[in-house]
Every structure is written in C-alpha cells, then in structure tokens.
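**Student:** If you want the building blocks of each chain, they are given just below.
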Amino acid sequence: MTSSVPTLQVCRDCGGGAPVDVHFCPQCEKILSLSRHGDYFAFMGLPHRLNIEAAELERRFRALSRQFHPDFFYNATTAERRASLERSSYLNDAYRTLRDPVTRLQYILQIEGLAPQGPAEASRQAPPALLEEVFALNEELDEVRDARTAGAADDVWRGRLDRARQPIETKRVAHEAQLQELSARWDTLADRPAADAERRAVLQALGERFLERNYINNLLAGIERELTQ
Amino acid sequence: MSKVVGIDLGTTNSLVAYVKDGVPHVIRDQQGDGLVPSIVSFADNGTIYVGREAQRRLLTDAQRTVYSVKRFMGKGRDDVQEEASHFPFRIGGDGGVLRIGAGDKEFTPPEISAFVLRELKHRAEAFFAAEGEFDNEVNRAVITVPAYFNDAQRTATRDAGRIAGLEVLRIINEPTAASLAYGLDKRHTGIIAVYDLGGGTFDISILRVEDGVFQVLATNGDTHLGGDDIDVLLMDRVLATTPATSPEHMQEIRKAVIQAKWDLSERDETEINVAQDSKVAQDSKVAQDSKVAQDFGPAYAWRITRAEFEALIQPIVDRTLAPCRQALADAGLLTSQIDEVVLVGGSTRMPLVRRRVEELFGKTPHSELNPDEVVALGAAVQADILITGNRDMLLLDVTPLSLGIETMGGITSKIIMRNSTIPATGSEMFTTAVDSQTAVDIHVLQGERELVVDNRSLARFKLRGIPPMPAGLPRVQVQFQIDANGILSVTASELRTEIEQTVEVKPSYGLTDEEVERMLMDSFENAEADFAARLLIEARNEAENVIHATEKSLRASDIDQIEKEELAAGEKKKIESVLAGLKMVLNSSDRETIQKWTQALNDTTRHLAEVMMNRSVKAALSGRNIDSM
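Each protein sequence line maps, in turn, to chains A and B.
Everything in the first sequence is counted per the working numbering, starting at 1 for the first residue and increasing by one.
Everything in the second sequence is counted per the working numbering, starting at 230 for the first residue and increasing by one.
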C-alpha cells in the first residue's frame, strides 16, 4: 500500500467523514464527490495484484456502474449529478486500465513510483539487454531490403525474414514467461509492506522486462511490415 | 407531469415512441403510419411542410424541399463537395457550418432537423391529447444518433433538439437503443452484434449483455454509407440514358429507383419506369385538357432482376464488412463468439445484406422486430429509465473515435482511445514556450489517424489566464471529459497556482450557444407557418376523400344505366373533368384552390350521389340487390 494516500474523504453534503474507498456517504447516503480517492485498484475494491480474474473485474465493474451511472442521477441535485459523472468516469478509466494485463502492469509500475513510461517512449531507445539482437536484426533487414530491390525471389527474402524472426520470437516467449513468474511473485508480496526490499527488486525487474517486451513486440511488428511488402 | 419520448431522427424517416406500463410503443398517425419522412419543404408563400406532405412536394417543388439532412449534420461545406450535385436544394456556407438554401431562405442542418423534431413533438402531443392525458406537453426527449457519429455530429443533433424546444435528456447510439428494445422481452445473456444499415449511415456494435447491463465492447461504422448510396447508384444508371429535365424529374427518377429497390426485396424481378417530366408536360398543355400525364407513356423502362441488382450493389454492401471485422478485433472476439446478430435499419430488408451478414457471422440474424421501429422503441425505453430511475437495465456505451490534440509537427496525440466506455476522462499537461506567456492554443481532434490533417477537427481554443512565469514553468492541466452523450467538454487549471483557466471552445463545425438560442427564438415565429401547413394537410385529406368517393361512384356497375336514365346530358363528363381538375391541384400548396375544387366536385356530384342513394334505397326496399339490377 502506498502510504501517502489520505484515508478519509469529506462528504460535501453533510460534512461527515468517510473512508477514502467508499462511494456513498455513510451518514447521509449521498454519492460522494470524487475528491480524495484511492487508486484504480482500491476504487474497484481489488488488491494490488497483477493477476486479476477477468470475471471478477467485470462483475465489479457492472455492480459499480449500477451504483454510479449518470442515468440513475437524472433527477438528483447538480452536485450529485456531478459526483455521479466523476465517479463513473473514474470507474470507466479504472476498468479500461485494469482489464488489459499490459496497461495493468504499467499502472502498477506508475503508482509504485517506477518510470511511468508509455510504450511510445519505451520503443524509441533499445533496452541494453536487447542491443545485440536489435543490431543483428537491423543489419538483416537492410540486407533483405537490398536483396528485394535487386530482384531476389519472393521466397528467398521471405525465408530470410522468417529466420531472422525466430530468435526474437524465442526472446519474446522467454520474456512472457519471466513476466508471468515475476507477476506471481509480486502478487504474493503485494500486501506485505514489510518485505519492502524484495518488493522493490521485483518491481524493478518487472519494469525492465516490461520495457524489453514492448521493444520486442515492436521489432516483431517491424518484421511483419516487411513481410507484407 | 409532461411527457417524455424517444426519437429516432433518421436519414430517411423519423419516429417517436413512448413507454406505457413498461412497454414501448411507436406513436402513429390516424392511418397507423409511424414513419415521418425526414423531409422539410419550404413553399414560396412561406409555408413549411414536414413529412409525407414535404415528400410529395419533392415531385412538384424539388428545389425548395430538403431531404437526407442527417448527412450534413456537423459538416462543413467542403466535406460534402462531391455529393452536393445529387441534391436539388442549394448547399452553401463558407468554412464552419454548412447552410442549406431553399428559396430565399437559408438554414443550418440543425434547423432543418428541428422542423422534423417539432413535427414529431406535435404528433406525440396530439396523440397524448387524444388519449385524454391531462398534461400532453412533450418537452423532453432521448434522441438517437449513429454510433459512429463524431462529437460535431452529436452536438448538432443536440442543438436540433434545443431549437425544436426539446430538452434533450440524452443522445444515445442507434444500435445500442435497438439492443435495449430487443433485450426487453428476452432476459438474455451473451454477446450480441447489432448490424444497423439505414438510409445514410452504417453502424456495427458488439455488446455484452449480462445482469441487465448492456455493455458495448466495440463499435465501428461509416456515417456515409446507406440506402441513399444504392439509390444514387441506380439513379446514375438511369440518368446515363435518360437525363433529367428538371429537379422534379430527377426526383421522379429517384422515386422510381427506390420503388424498384423495395420491390426487389420481395420479388425476383421488377421494372423501373420513369414517366416523362410531368412538369414539362403540364406546362405545355396548360391544363385545358384534364387527362394530362396518362397520355404520356413511360419515357424510360428498365427491367432488372434481383441478381443484376445484387451484382450492382454488392460493392456497397461489402463496404460494411471491414467495419464489422474491425469492431470484432477491437472487442477481442472471433465471429464464433457472437451469440446473436440483430438487424436494424430499413436497408437490412435487402436479401443480399442478410446473406452477407449471415456469411460473416455464421448465424441467421434476428429480425423479429420491425427494423424501422426498433431504434425509436429503444430510445423510449432509455427515456423511461432516465425519468423513473428504474435500475433494471443499464446501457454502457463507448466513444466511437479516439480523441486527441495537435502536437508539434501536425501529429495527433491521443488522449482518450476509441471504444472507451463513456463517460470517460483524459488529461494532458501543457506548458509555455516563452517567458510570461499567458495563453496557449489547443486544437482538439477526433479520429484514428496519425496526422492532424487526416482527422476531424472538433474545436480550437485558447487557454487564457495562465499566471506569468518563466517559460516551461507553468503546469496547465487540461481535462477532457466525454459525457454519457459522447459529447466533449474541456476544463483546465494551472497546477502551481491552482488557477482555473477559462476555456472558450470554438467548435470547428458547430453552432455557438448564442446561435442556437437565436434559432430557438426564430422557431417560435415559424409556429404560424406550421399552423398553415396543418390546415393545408387537412384540406388535402378532405379532397382525397371526395376524390375517392367520386371514383367509387364512377366505377359502379350500373353507372352507364344511371347516366342514360337519370343524368343530364354531359353531366358525367362534367364530373369527370372536375375530378381531373381536383386531382391536378391536389399536390399544390394552395389551400384555397384545393378547397375550391373540392367544393366544386362536391357540388357537381351531389345529384349523382342523390340518384345513387335513391336507387340503393329502392333496391333495398324491393328486396333486391343493387348489383343485380
């Protein structure tokens, strides 16, 4: 858990206090405006895990939608309508982020204070661990392009591309496996703030594998583009 | 309590529906017709006609009659350059909002749509009054739009509602509305694909339905693809050999090809017959001879089989397939995972469309509900949910297009991705480039493309009131909010000073609030013209009744005998010529002339009516059947 998150929010309607993760005021039962709130996981009542059961996420999303959606606040006060819009928007953003394992991991890295780098930024610079592969691949791609311009037979240059893809594909599979293993380790540590050093190490590794995997996917996409030439 | 309704504001037809005891119903006129053609006609005497009446005027006063206006909603003049020539009315305007000219007046597309909406409002009010409702006023509505409509098109639709004097409770997507109507009787769970091919737009939406929550997973479409395109294709074929001689003649041709398109959904073969230009014929004969048009054989005839028709239109139908595949991919689903396919929109009556959909999804699509009515029914259900707070069902829709802003080098930076569940937010941090800069220009776009020029410009605005600081120091957070209508609003604040910024959004293709207000005021002045239109319709209905009765009398089996025994010399001939006269003026917009001729026909046939009445009374008294006489 991140310690900087305040634990109380204030109901603007009755002035009462409420725990930060509830959506309705315990005193007056009005929908709370979205002032202080937890992260996406806390908002949806989920632990900070990387493996989330899809059906559970969907179920919570539907249940909370039924509580907040602006459709049900049409006749309410302006403040409540605003609160409903805020909470629904936040819920939808949370759902979209947590639904996809890639954005979920990215989000965890971000809220844990590790480089909130988007895939776009990440793809610009080759991660050090991949330099060798990238170098070899770029050379191969150049040669294939030259061969193609020189009129090499279709199956000849396609065959070369296929061969060039294999080591990268192997890397991808290995990375997926590492990411899964690290994710599982994170999940056991997620709720144990005491194991801080280990948590940092796992997160650090997750962050690196994540960037590398994004980069690998971009390389594969580049090969794909060449193949459709 | 005033009434709420659901409105399907279509390219070709519009409908209004309401919910009674939990069940949605389409509101129909006295003839049982639920469709109001989305056509508005501006007669030169200032009268404004809407619906069937306006549709008739396409054949008599085409240049002042506006149809398919939905295609122009939220568009600029340049957007419609290519197709402008297909329409009989003037399309003008410079940059910004497009304007449609009819006679000496000009209207924006939302104003034209507002006429249609006002007609639907009147229809609903008349219906509720007839039902004996205490308060029959209709001033709140849910209005549907194609799922693939962008922000400008949605805003234009909402503006149309406001100009028509309606509080627009919600803008909802047509395919989603249809799914609500389908989901009513069957409490089903599963993945549904809604394929909606209307007059001018195509949508595909993939939904998951569970626990009464209708969640759109992905949507795609083409706001410029529909039955209209098929009509244009067929028209071009006809025009290649038979050039239209007037805008009205062009409409005759359009009417003929539309009829053929309909026929071919039922039959294997039909004939497209285009009469000679009746206006030209009329002018040359100066109306002394009553038997006008009949004397002219069809100027053009084209026998067409369904196979030929399908070969012709297949490229258009196939343009719907790529959006379907994209929506499936975005939803992360295979066709085999779709449980049900629902057809919506009049164009899905075409057998070819049904076959292609069935081939793509590998299942027989549903079409139990009338594809023309299902959207309005769903809109009524949504209106009912909003007003009653009924939580049995909930629609969760998505934004069809990604939202972004222009960044350096004319690149679009996406802030809210397409298919995000709405309401949704996104934010972006801006800073200044020079010392003491107090304003930043922001350009908001919608679309999937990389370059700004390839996407739709929604608005430009200036962030003002940034506290003067050294360059790069201010941190202005701009928050983009897409509400449940799919419509964008923007707020901004400088994070260091927590100063709220003023955001004046100038829509690229929309109306400002002031313009909408002014149009609303103008529309009150049109109320008088509306009244005149109503009187004309009544006069025409009465004329039609008299024509019908007269024709029936003239077809009586004993008419020759009656003429010989009871009528004055030339009396029948006179009746026939007055009848022909009334038929000729029937479609004119001159109410007095119609009434005069109606009266004349009434007078001329009075004697015949008496004679026939007497004979039938006599026959009845003597116990004999008149037919046997």
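Watch out, some of these pointers could steer you wrong.
In silico lysine to aspartate or glutamate, DMTMM-like type, Cα no more than 20 Å apart, as pairs [what the hints assert, rightly or not]:
| no. | chain 1 | residue 1 | chain 2 | residue 2 |
| --- | --- | --- | --- | --- |
| 1 | B | 643 | A | 100 |
| 2 | B | 643 | A | 181 |
| 3 | B | 825 | B | 773 |
| 4 | B | 847 | B | 767 |
| 5 | A | 171 | A | 187 |
| 6 | B | 781 | B | 771 |
Note that these hints are calculated values from the structure, not bench results.
**Student:** Decide, hint by hint, whether the structure agrees.
**Tutor:** Hints, verified against the model:
1. 643/B <-> 100/A: Distance ~18 Å between residue 643/B and residue 100/A Cα, so the pair holds.
2. 643/B <-> 181/A: The given pair, whose Cα atoms are some 32 Å apart, is violated under the 20 Å limit.
3. 825/B <-> 773/B: holds (13 Å)
4. 847/B <-> 767/B: violated (35 Å)
5. 171/A <-> 187/A: violated (24 Å)
6. 781/B <-> 771/B: holds (15 Å)
Of the numbered hints given earlier, the model fails hints 2, 4 and 5; all others are met.
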